[in-house]
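Asks: Given the coordinates of chain P, assemble chain V onto it according to the supplied hints.
Protein chains: 2
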Amino acid sequence: MCAILTAFATSPDRGRALARDFRVRWALEEAGQPYDVRLLTFTELKAPDHRNLNPFGQIPTWQDGDLHLFESGAIVLHIGLRYPGLLPDDEAGRARAIAWTFAAIDTVEPPIWDWDLARMFERDKPWHAERQPMLESRIRQRLSELATWLGGSDWLEREFSVGDLMMVTVLRRLHGSELLEEHPSLVAYVSRGEARPAFGRAFAAQKAVFDRATASA
Amino acid sequence: MCAILTAFATSPDRGRALARDFRVRWALEEAGQPYDVRLLTFTELKAPDHRNLNPFGQIPTWQDGDLHLFESGAIVLHIGLRYPGLLPDDEAGRARAIAWTFAAIDTVEPPIWDWDLARMFERDKPWHAERQPMLESRIRQRLSELATWLGGSDWLEREFSVGDLMMVTVLRRLHGSELLEEHPSLVAYVSRGEARPAFGRAFAAQKAVFDRATASA
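Heads up: the sequence lines are chains P and V, in that order.
Note that this note's numbering has the first sequence beginning at 1216, numbered continuously upward.
Note that this note's numbering has the second sequence beginning at 1216, numbered continuously upward.
Source of the hints: derived by calculation from the structure; they are not laboratory data.
Any given hint could turn out to be false.
Since copy identity is lost for identical chains, a pair holds within one copy or between any two.
Below, computed lysine to any residue pairings styled on SDA-like, alpha-carbon distance capped at 20 Å [to be verified]:
| no. | residue 1 | residue 2 |
| --- | --- | --- |
| 1 | LYS1340 | GLU1306 |
| 2 | LYS1340 | ASP1329 |
| 3 | LYS1422 | ARG1355 |
| 4 | LYS1261 | ALA1362 |
| 5 | LYS1340 | GLU1396 |
| 6 | LYS1340 | LEU1350 |
| 7 | LYS1261 | SER1359 |
| 8 | LYS1261 | ILE1354 |
| 9 | LYS1340 | GLU1351 |
| 10 | LYS1261 | THR1363 |
| 11 | LYS1261 | LEU1365 |
| 12 | LYS1261 | GLY1366 |
| 13 | LYS1340 | ASP1305 |
| 14 | LYS1261 | GLU1360 |
| 15 | LYS1422 | LEU1268 |
| 16 | LYS1340 | ARG1416 |
| 17 | LYS1261 | PHE1271 |
| 18 | LYS1422 | ARG1388 |
| 19 | LYS1261 | SER1352 |
| 20 | LYS1422 | ARG1411 |
In isolation and in its complexed conformation, chain P is listed as follows:
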């Protein structure tokens, strides 16, 4: 039996592969591993059955036999540790790739997420416009530091790894914003990730879920 990934039945990202199940789909495609998907409504996400899999009522979760996991970063790392293709073979290279995984979600993503939260939930508030420069400057700082590190390299370290996979998914949340476009090298970095065949297969799989949901609505 295939391992089972959970995802939104109707993703708020409208098929743009911004939901966190996408990171796992992409990792599984890089590793060449098959998987099944269980789609959940927002009601099902908050129900006790799903909270047994994820105490915080979120997607994605991962069931592989007796192993139940949650948190996209942890699932991607588990896949990377288990199958070839996502982590270097040597201990030092592996540790560096894991460092970039944490940098993506703990250093680069938080200001991007805060900016997105403000757009989603505080757009009508009187302070929204006044807080924007502060929110944007936090993102600019991290992007500038990231671009300096990347320089002219293809990937964050010598080879593509889980660290790049996570970082590209984090940066994709800025697609179409001038914040990302201020750094052509980061735009090219994201495009390089998106051009990987595994990314394409994973993207098509999540897009098909959205298209079916839209067609049946």
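Replies: For chain V alone, coordinates are given in the frame of chain P:
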């Protein structure tokens, strides 16, 4: 030669062990590994030498021979994978502990951090008071979910792991706030972490740095 950890020369946490080097100190004490500390001023943090170790100019970093790491979560996980005492021996148990490491920094910490950022940088803004209920409700949701999962258990899974180490350090940021005190089981969970001898040794080590800095100031 000992591995080298970087930390703030004068930590803004005033010796309360809230800076992120503390997570690494605690993990090293659990693993029984010696280490040296290099203290950095805020100017040194942003200088090119340190950015070679951490492109984002943050502490902690970790140098062990040729291996250079950054991101507290990655360093703690590296120590957990390398030495006994912080991760279960079996693959499934290890993956669960890693899932809680990510849950701590990717699901529980962000709303706590946002609330702290608002206290630090937006306290004088006209919107600060009006945003508080929203900021607090995000924290309350995560704490309630965490308390439900923990129930009457000592730790998040069967044994203490890197997941608990990270979660306790995240929750300690709420020390003295009623948000944490609304959940006696979480207060007890934090106390259980703080009562570990390794925590005590790590706490004393970072406190000594602060006390020396204060005495010489």
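Asks: Output the numbers, in ascending order, of every earlier hint that fails for this structure.
Replies: Of the numbered hints, 1, 3, 5, 13, 15, 16 do not hold.
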